[in-house]
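Enquirer: Each chain is listed here by its residues.
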Amino acid sequence: EAQVTQNPRYLITVTGKKLTVTCSQNMNHEYMSWYRQDPGLGLRQIYYSMNVEVTDKGDVPEGYKVSRKEKRNFPLILESPSPNQTSLYFCASSLWGTGTENEQFFGPGTRLTVL
Amino acid sequence: AQSVTQLGSHVSVSEGALVLLRCNYSSSVPPYLFWYVQYPNQGLQLLLKYTSAATLVKGINGFEAEFKKSETSFHLTKPSAHMSDAAEYFCAVSPISSGSARQLTFGSGTQLTVLP
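So the sequence lines, in the order shown, correspond to chains C and W. Sequential numbering from 1 applies to the first sequence in our numbering. Sequential numbering from 116 applies to the second sequence in our numbering.
Certain hints may be false.
Stated by the list, open to error - Computed beta-carbon distance windows for the label pairs:
| # | chain 1 | residue 1 | chain 2 | residue 2 | range |
| --- | --- | --- | --- | --- | --- |
| 1 | C | Leu-41 | W | Ile-175 | 22 to 28 Å |
| 2 | C | Lys-69 | W | Glu-186 | 42 to 48 Å |
| 3 | W | Ser-185 | C | Gly-16 | 49 to 55 Å |
| 4 | C | Thr-113 | W | Gln-157 | 17 to 23 Å |
| 5 | W | Val-144 | C | Pro-8 | 37 to 43 Å |
| 6 | W | Ser-185 | C | Lys-65 | 42 to 48 Å |
| 7 | C | Leu-19 | W | Leu-161 | 25 to 31 Å |
| 8 | W | Glu-179 | C | Asp-38 | 26 to 32 Å |
| 9 | C | Asn-7 | W | Tyr-154 | 16 to 22 Å |
What the hints assert, rightly or not - Computed from the model, here is a short list of chain C residues facing chain W with C-beta under 7 Å:
| # | residue |
| --- | --- |
| 10 | Gly-40 |
| 11 | Leu-41 |
| 12 | Gly-42 |
| 13 | Leu-43 |
| 14 | Phe-90 |
| 15 | Glu-103 |
| 16 | Phe-106 |
| 17 | Gly-107 |
| 18 | Pro-108 |
| 19 | Gly-109 |
Think of the hints as simulated: they come from the structure by calculation, not from any bench. We treat Cβ as the ideally placed atom computed from N, Cα and C, and that holds for glycine.
Please model the entire structure based on the sequences and the hints provided.
Expert: The following block contains the structure:
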């Protein structure tokens, strides 16, 4: 089954304790992206990657890191989480192709709480 | 820069009534436009997309949307609401001539409630 998976689905942590949220897709997509969803703000892009070893900042990158060592994986790293990073996080992927009409496929989400 | 405005963060309709969710975009040229749906505790799922082939786009679950360039709108409609349509709906825009690889800018979402 074609899908984007994320782990963990739920995470409660404390300020300053490094954490990683994993994301994996099995569709051979070139493009992957992380979003955070907050009430009334919709989805805001954190980081994206056009291909292996190619990453760039989205609209809200502060406090986050990413890496793309393999095509299928795109982990999100919070080196020193803070309470304002409490949010619902989504990973997404899509074909890059010849235009930007490609549908993005979303993972099920990771609900992060930072105390 | 492109942006998306969804009018009405919450919309309530009775079962069987018309669903109308509004989306307006701001872009120098007509972009690609998308509607996504998010059911409770799930990720986003594509409902439909406009890619300039036809102005009236039909999607899954009986939804459709009409692209109106003069109004810079892409409103989502369904003739008869069903209880299972209760979800949050997001409009998103992507530039056709992409100087940015970010691909999608999302609106703030509209929560649809269907009343029995």
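Enquirer: Each hint should be assessed against the structure and marked as holding or not.
Expert: Tested hints:
| no. | hint | result |
| --- | --- | --- |
| 1 | C:Leu-41 x W:Ile-175: 22 to 28 Å | holds, 26 Å |
| 2 | C:Lys-69 x W:Glu-186: 42 to 48 Å | holds, 46 Å |
| 3 | W:Ser-185 x C:Gly-16: 49 to 55 Å | holds, 53 Å |
| 4 | C:Thr-113 x W:Gln-157: 17 to 23 Å | holds, 19 Å |
| 5 | W:Val-144 x C:Pro-8: 37 to 43 Å | holds, 41 Å |
| 6 | W:Ser-185 x C:Lys-65: 42 to 48 Å | holds, 44 Å |
| 7 | C:Leu-19 x W:Leu-161: 25 to 31 Å | holds, 30 Å |
| 8 | W:Glu-179 x C:Asp-38: 26 to 32 Å | holds, 29 Å |
| 9 | C:Asn-7 x W:Tyr-154: 16 to 22 Å | holds, 20 Å |
| 10 | Gly-40 | holds, 6 Å |
| 11 | Leu-41 | holds, 6 Å |
| 12 | Gly-42 | holds, 4 Å |
| 13 | Leu-43 | holds, 4 Å |
| 14 | Phe-90 | holds, 6 Å |
| 15 | Glu-103 | holds, 5 Å |
| 16 | Phe-106 | holds, 4 Å |
| 17 | Gly-107 | holds, 5 Å |
| 18 | Pro-108 | holds, 5 Å |
| 19 | Gly-109 | holds, 6 Å |
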